[in-house]
Amino acid sequence: MKFVLDADQRDFAASLDALLSSSETVAVARSWADGDSAPGLRLWARLAEQGVLSLATDATPVELAVAFEALGRYAVPGPWVESAAYLPVALGHEVEGVATVALPPHVPYALDADVADQVYVGDSLATEVGDLVGSVDRTRRLFSVAGEGRSDDAAFDLAVLATSAQLLGAGERILADSVTYVKQRKQFGREIGSYQAIKHALADVRIALDFARPLVLGAALGEVPASAAKVAAGDAAYLASRTGLQVHGAIGYTQEFDLSLWITKVRALVTAWGTPAYHRARLLDELVG
Amino acid sequence: MDLTLSESELAFQAEARAWLEANVPAEPLPSMDTADGFVAHQEWEKRLSDARWSVVSWPTAYSGREASLVEWVVFEEEYYRAGAPGRVSQNGIFLLAPIVFDHGTQEQQDRFLPTMATGEKIWAQCWSEPEAGSDLASLRSTAQRDDERGGWVLNGQKTWSSRASFAHWGFGLFRSDPQAARHHGLTYFLFPLDADGITVRPIAQLDGEAGFAEVFFEDVFVPDSDVLGAPGDGWRVAMSTAGNERGLSLRSPGRFCAAADRLIDLYRSTPDPAYADGVVDAWTKAQAYRLYTWGTVTRLADGGEMGAAGSVNKVFWSELDIALHETALDLLGPEAEVESRWLDGYTFSLSGPIYAGTNEIQRNIVAERILGLPREVRK
Ligand SMILES: Cc1cc2nc3c(=O)[nH]c(=O)nc-3n(C[C@H](O)[C@H](O)[C@H](O)COP(=O)(O)OP(=O)(O)OC[C@H]3O[C@@H](n4cnc5c(N)ncnc54)[C@H](O)[C@@H]3O)c2cc1C
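Residue numbers (this note's numbering), protein chains in the order written: chain A, 1 to 289; chain B, 1001 to 1379.
Derived from the structure by calculation, the hints contain no laboratory data.
Even glycine gets a Cβ: it sits at the ideal position worked out from N, Cα and C.
Misleading hints may appear alongside valid ones.
What follows is a list of derived Cβ distance ranges for each label pair [claimed, not checked]: (1) R1052/B to G289/A: 29 to 39 Å; (2) A197/A to P1273/B: 50 to 60 Å; (3) L1005/B to A277/A: 33 to 43 Å; (4) Q196/A to T1142/B: 56 to 66 Å; (5) G289/A to R1111/B: 31 to 41 Å; (6) S124/A to G1333/B: 27 to 37 Å; (7) T1347/B to A197/A: 21 to 31 Å; (8) A277/A to L1350/B: 23 to 33 Å; (9) T254/A to L1005/B: 30 to 40 Å; (10) D36/A to S1006/B: 47 to 57 Å; (11) V1377/B to T254/A: 29 to 39 Å; (12) V1039/B to D11/A: 50 to 60 Å; (13) Q196/A to V1039/B: 25 to 35 Å.
A few chain A residues that don't get close to chain B, going by computed Cβ distances all over 12 Å [claimed, not checked]: (14) D153; (15) L202; (16) Y238.
Sequences are here, hints too, so could you generate the full structure?
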């Protein structure tokens, strides 16, 4: 019994962190939102080289969770959940290039279908890709699609796990940036981080994230359903985003300020791959029988 | 990363489960905060101890099984899963004993640990004072040196001492050097609650039972042999107890997993979709707490320390406990006000954010020691 990442898993996390911290991911995400996918695709290729696309077929869900936490922490754009978690399991093989999928009703749109080499509905290629619809997260380019294919429960659960890990990473990033900010920003002659209202709000975020993480890792190990991880990671990351915005004041409310990338991403991911209500109902079914 | 138990841990688990299944009282015992209930709980402690299940992590010489941290948590899970009674001995075995092992003399260990393990002597924690709650270091009860008799003379008043209404011994901090700075000059004492000069006045709690008490000290003599750790070093010694209380030992995850399972049963018998989310969240959080604890156990077993993480833990379990019980009362509907095990659990849960350091104080600790935010301005 060892419920912490082992040395290899920590090394993998560190190597992704090193890659992403030197990749100007904020600029990549902003270009992606503006329809210039070139920097994003270059980053895609480098992450693929690190094995992120083959995690679902060649590694364990724990490594997958480690990778998606990093993707969330750095706001990496692109249909990663679709290409690295859902499709490899649903299709039975690793995907080539960039692929995306819609799975109505829980995944009504195909993310980044304009950039993808293949667009699926369930396990079949889409017959038609419609228009772009705007997401709260500008880096998520959503497209309506037509077609019919079967959905796969195991693949869905892995996608839910990946989304949960991404939420966790995004929440951690918002908390870290908020802590840095409240230690610098002064009002009434003191750092705002010395005021108890601010401290307690951020402490609650720390606590929520600390207790979401074991559910994400526990779901990766099959100890709890993926839905439990999604509910907890969604709640924790959402609390982080609301609190993060509040402690930043007006600057946090601007699109120009980078925090906005994570605040909007968390809002989108809370309902992506199953809403909280859906996952709670699913858990209830399982528990009550 | 894995959550599988080893062969020997599984064997330990099976043995504990079998014993508990055969021995846990079919009917819940009366409240340990009543005279009858206290005795019934002491009898249960004796039964546990006779089978060497009362203090599994202790050395065999003191009726333990030298169980590892993993086995201890496994035991706690089994204990609460089996519906076994709350531990009337918990102040002694969970809060005081680790300190006696670390700071006590051999003579103190031999004198105090055996009767703690059997439940013969029940201990009360006498820290809080009427004017010293969250700001514990401002405590005023005094200890004066008595060289002639080789000991100390205690005066003052402690309050909110859980179990003190019926307990036999107390442990507490007293100011032994009035000149020293706040956190210095405190000494950690052990004393029988029936000593000359001690008066215990039970205080009824929200549920009407005397779960805690005030303790008055009037020229109470305590020999040097009942000082725990070095005189003047009481704060440091005591703070290792506080870590235990907030951290692992006081609220093992088994309690919440068992309560969440009972909540699911309650939902099955009185399903009300309006409260379904509360049921799911209680279960999910109990699982989060269980898994988080395994992470803590791994870190501690690898030589890590609990530190401020105990504060993260404390806020979480205390809020989970209230939310879980509120959901149960919601499900009970108009019956919720009628005496029941759920109502007892609910009332008790309300004290969680207050004792063991209030949740406001825990959040300060999380913010300052984990997030690194500036310390509060304090006098
Ligand atoms: C059921 C129960 C059992 C107990 N058992 C024991 C026991 O066995 N032994 C023992 O010694 N004590 C025991 N206590 C006492 C407990 O430790 C104290 O109640 C606790 O430390 C708080 O102290 P207080 O009640 O004096 O509240 P106060 O310290 O007066 O606090 C009142 C309120 O003010 C807030 N507050 C205080 N300071 C700050 C601050 N700096 N920042 C923000 N908010 C602040 C508190 O959080 C709280 O909300 C028990 C209490 C209860 C309820």
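Honestly, which of those hints from before does the structure not fit? Violated hints: 2, 4, 5, 6, 9, 13, 15; rest satisfied.
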